[in-house]
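Colleague: Here's the letter readout for the chains.
2 protein chains.
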Amino acid sequence: MLELHGNHLIGHQTSAESDQTFQSANPSTGESLPTVFREATDAEIDRALTLAANAFVAFRQTSVEDRARFLEVCADEVEALGTQLIESTMAETGHPEGRCVGERGRATGQSRMFAQFLREGSWVDARIDLPQPDRQPLPKPDVRSLMFPVGPVVVFGASNFPLAISVFGADTVSAFAAGCPVVVKAHPAHPATCELLARAILTAAEKCGMPEGVFSMVHGRTNAVGLALVRHPETVAAAFTGSLRGGRALLDAANSRPNPIPFYAEMGSVNPIFVLPGALKERSQDLATGFIQSLTLGVGQFCTNPGLVFGLESEEMGSFVNGTAEAAKNAAPATMLHAGIHHAFVEGVGTMQGMSGLTLVGQSNTPADPAKSQAACHVFETDASGLRSNPELYEEIFGPVSTVVKCASPADLEEFASQLEGSLTATIHGTEEDLAEYRGLINILEKRVGRLIFNGYPTGIEVCHGMHHGGPYPASAHSYFTSIGTRCIYRFVRPLCFQGWPQSQLPEDLRDENPRGILRMVDGTYTRDPITR
Amino acid sequence: MLELHGNHLIGHQTSAESDQTFQSANPSTGESLPTVFREATDAEIDRALTLAANAFVAFRQTSVEDRARFLEVCADEVEALGTQLIESTMAETGHPEGRCVGERGRATGQSRMFAQFLREGSWVDARIDLPQPDRQPLPKPDVRSLMFPVGPVVVFGASNFPLAISVFGADTVSAFAAGCPVVVKAHPAHPATCELLARAILTAAEKCGMPEGVFSMVHGRTNAVGLALVRHPETVAAAFTGSLRGGRALLDAANSRPNPIPFYAEMGSVNPIFVLPGALKERSQDLATGFIQSLTLGVGQFCTNPGLVFGLESEEMGSFVNGTAEAAKNAAPATMLHAGIHHAFVEGVGTMQGMSGLTLVGQSNTPADPAKSQAACHVFETDASGLRSNPELYEEIFGPVSTVVKCASPADLEEFASQLEGSLTATIHGTEEDLAEYRGLINILEKRVGRLIFNGYPTGIEVCHGMHHGGPYPASAHSYFTSIGTRCIYRFVRPLCFQGWPQSQLPEDLRDENPRGILRMVDGTYTRDPITR
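As given, the protein sequences belong to chains G and W, one line each in that order.
Heads up: the first sequence at position 28 corresponds to 73 in this note's numbering, and the numbers run straight through without jumps.
Heads up: the second sequence at position 176 corresponds to 221 in this note's numbering, and the numbers run straight through without jumps.
Here chain G stands alone, though its shape is the one from the complex (with noise of 0.2 Å):
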């Protein structure tokens, strides 16, 4: 058992500045958890970062050997904290046993999952172009590139994956991939999960003989802090996975600096899913149970929870409809991360039950216990009027709740998809011929989200190669860029390009003879031969 001391963690050191305290709370009980944290100084933020940029050096120069290694021990540490993790996490969070084992278990899946995605190599993209001294009118240089880290990385934490988008998540293990030194801030909410994380980071780090400052860790919960990271000098590019007004926030002060730099905020998104005729003729049951499942799963707080469904106004749609409102009042109201989040949720219920033209379909049988930050499933109904009529429902609200529109026509579900913000996902469940009839809605949604679904759910992202975890704006700041997935390392670097340099001081991956055997374009062509001359 650690013992918590609430301490920032900067670099080798603890620091404890400021007289501004809080403490984090249990959700299902509104009781204060019993450490202190306290808001980090401007002058321990300084000292986050210049530790960070000093270590940037010899942290970009290990070798990928020993990157991958230290990958594998923080996930072997983070481990060995057993059940004071589950149970610190279920404290803070609300979040059932189970949920924490296996967020755990994707937590260090992904940094063996990116330990292994370095030792392939070819990630980095290198290009080389082979000089050509007598070509005509001009010589050709010698022209070679690849990714390089950008240099220290800010990470914002997750409120909804303490363990997966937080202090050891997906942004964390891939800006260490790349060779970036990390400041996380650690999330409010769940401040004693972080200080254990962060403990076994730094235990990690030292095992591994990794240059102080490669990762500290600061607490706060005002604006003040996270606005100080972005904006500090050293600081060249940043990860935010949170509220659009929390993102969008930070995202105005990295790019009013100075010097710009990437702030990469994944914001959520509506995620809406469209149920075509064939599919409803075929099984509008199971679709009302999964709908209903994906909707209730981890209490509806998913950056991917589906709060919009389309159909054709049909007999089908009508037993759909009354399906989920039977799959909702089986749904038991469960604790939500925090009070805040459970406040915006009631609220933003409150809102919709007010909203002409739309009706509250069905509702969890039991109610929710406010006194244990409870929320229970709401489906709301409305129609093709209705959503014109109330834009705001194209808005996230985060938590189990979602609107099922009946649509006259096809020309509506096309209006409707047309008016979405950027999203992370739509989802359409129909047979393989509806996918062919639909395809002009298909064509307007491929210009707003990042993944499409089909026959699926959006809730329960797959960590792996191919997938994509972002989209256009609000649902990224930067549609370029996921923030799962090992796509996500692209976040960390740049393209650096050696010319005429010579061949003992080129990065490994670009000498001729390709000691890793990585995957390079040479000329061109792609190939893991050595260049022989």
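Where hints are given, some of them may not hold.
Pairs involving identical chains hold if they fit within one copy or between any two copies, as the list cannot separate such chains.
Below, computed lysine to any residue pairings styled on SDA-like, alpha-carbon distance capped at 25 Å [claimed, not checked]:
1. K185 - V508
2. K326 - T80
3. K326 - I487
4. K185 - V146
5. K326 - N488
6. K374 - G402
7. K185 - Q68
8. K252 - L78
9. K252 - E360
10. K185 - R328
These are calculated hints, taken from the structure and not from any lab test.
Since chain G is already given, all that's left is putting chain W on it; use the hints.
Modeller: Same frame as chain G, but now just chain W:
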């Protein structure tokens, strides 16, 4: 011979709504050129972008071969403009004929290079993770993704490359290659040349059966036109090459939209050269001559023009400075791109002449003729304290002026390297032993530049796969992306992920059979093989 009309080219129509007109001028005479151009109105900008948005579906669904062919026919049509294009370019920019012909070759070569790049096809980064329906505790879905075009792109041409970085430059052809319609803002300093190029592209689009709106071009000399293009709701990305001031204003506009969009600006840089002791010992005179050639190439009007040269105080450094002074004398003054750039250059050199600690050590023997907007070569010298007291020297002055800084110690070199803002390039002259000995300096430069050149010069960029033309801000607005070389296509795509999607409806590059035989990552392994199950 095409007769110029000076109107905006909006899809298949020309338009000329505004009464606000302007003309370009021949910088070598100051005389206005005959064609009258107009500011684009908001309505014209809206029509161009609406057409582009409408064209997006059909354009992105063209076959790879059709899009490659379109790029080649564009190149053919640009060549078919013949001497009219060369004469127009010469008249509007003051560039000599040889430069114009060479730059046209670069532009058409670049378009044909992208055609081949499309045909090879692996650039789409197709990734497939195969399903495992029986996996415990949860089945693994079928997840596939590839790079997908983002939508209508706005392109701002550069004044200094009217053929290779303008209407038909790398931005436009890479956007076309990606499958994005393009709206160009013609450069007001060479609008006639822009009209010729735009009409060639429109002819090619017609010959290739491309949808109306795949390309439009509007004119404008005021900031309002640029801002309206960047703020238009249908614009999803923009590319810009130009000044820091202009670029930052448009970047801020892009970032402050309700939905921010990426604004890919390349805003130039100071491009330091470091002459290390071994190189000075071997060839100080050659270095001096090579440096002045690079400095005066294209009248110093390159983004990669070397604005600062660093070396250690020594006898050889003294003879290098003397050599540059000698070479500068023989550099003939030449006409700059336009009166505005000439004015800024004269003002910048004037400011330097007033700086204490700075000595003018070399300049063109022949005086520059201001009536011809001519710039003379100027080389200043200073020492470490001179640079410390004049930090403005870190800012780019566009034109053939540079400062040689004699440093007292390697620590000075590292100090100044640390002070550099992001730069497109840094150049080292030295022996291989120098490079190993000055590893600390290289470590600093790696963090600050996009391209490191050894024993060469930064000007005269090679258009190839490995090239990177970008760097930390202000070299680029986003250092991940390049504006030259095949990687520049990644500015105009984003990953699109298909989960559980039926084979018949997948993009062909994601289908099991891999019809084009591109390189794909299947379950983490790169292969060109089809998937057989």
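Colleague: All hints are to be evaluated individually against the structure, with a verdict given for each.
Modeller: Structure-based check of each hint:
| no. | hint | in the structure |
| --- | --- | --- |
| 1 | K185 - V508 | between (42 Å within a copy, 10 Å between copies) |
| 2 | K326 - T80 | neither (55 Å within a copy, 64 Å between copies) |
| 3 | K326 - I487 | within (20 Å within a copy, 66 Å between copies) |
| 4 | K185 - V146 | between (56 Å within a copy, 19 Å between copies) |
| 5 | K326 - N488 | within (24 Å within a copy, 64 Å between copies) |
| 6 | K374 - G402 | within (22 Å within a copy, 81 Å between copies) |
| 7 | K185 - Q68 | neither (63 Å within a copy, 39 Å between copies) |
| 8 | K252 - L78 | neither (31 Å within a copy, 71 Å between copies) |
| 9 | K252 - E360 | neither (64 Å within a copy, 50 Å between copies) |
| 10 | K185 - R328 | between (63 Å within a copy, 22 Å between copies) |
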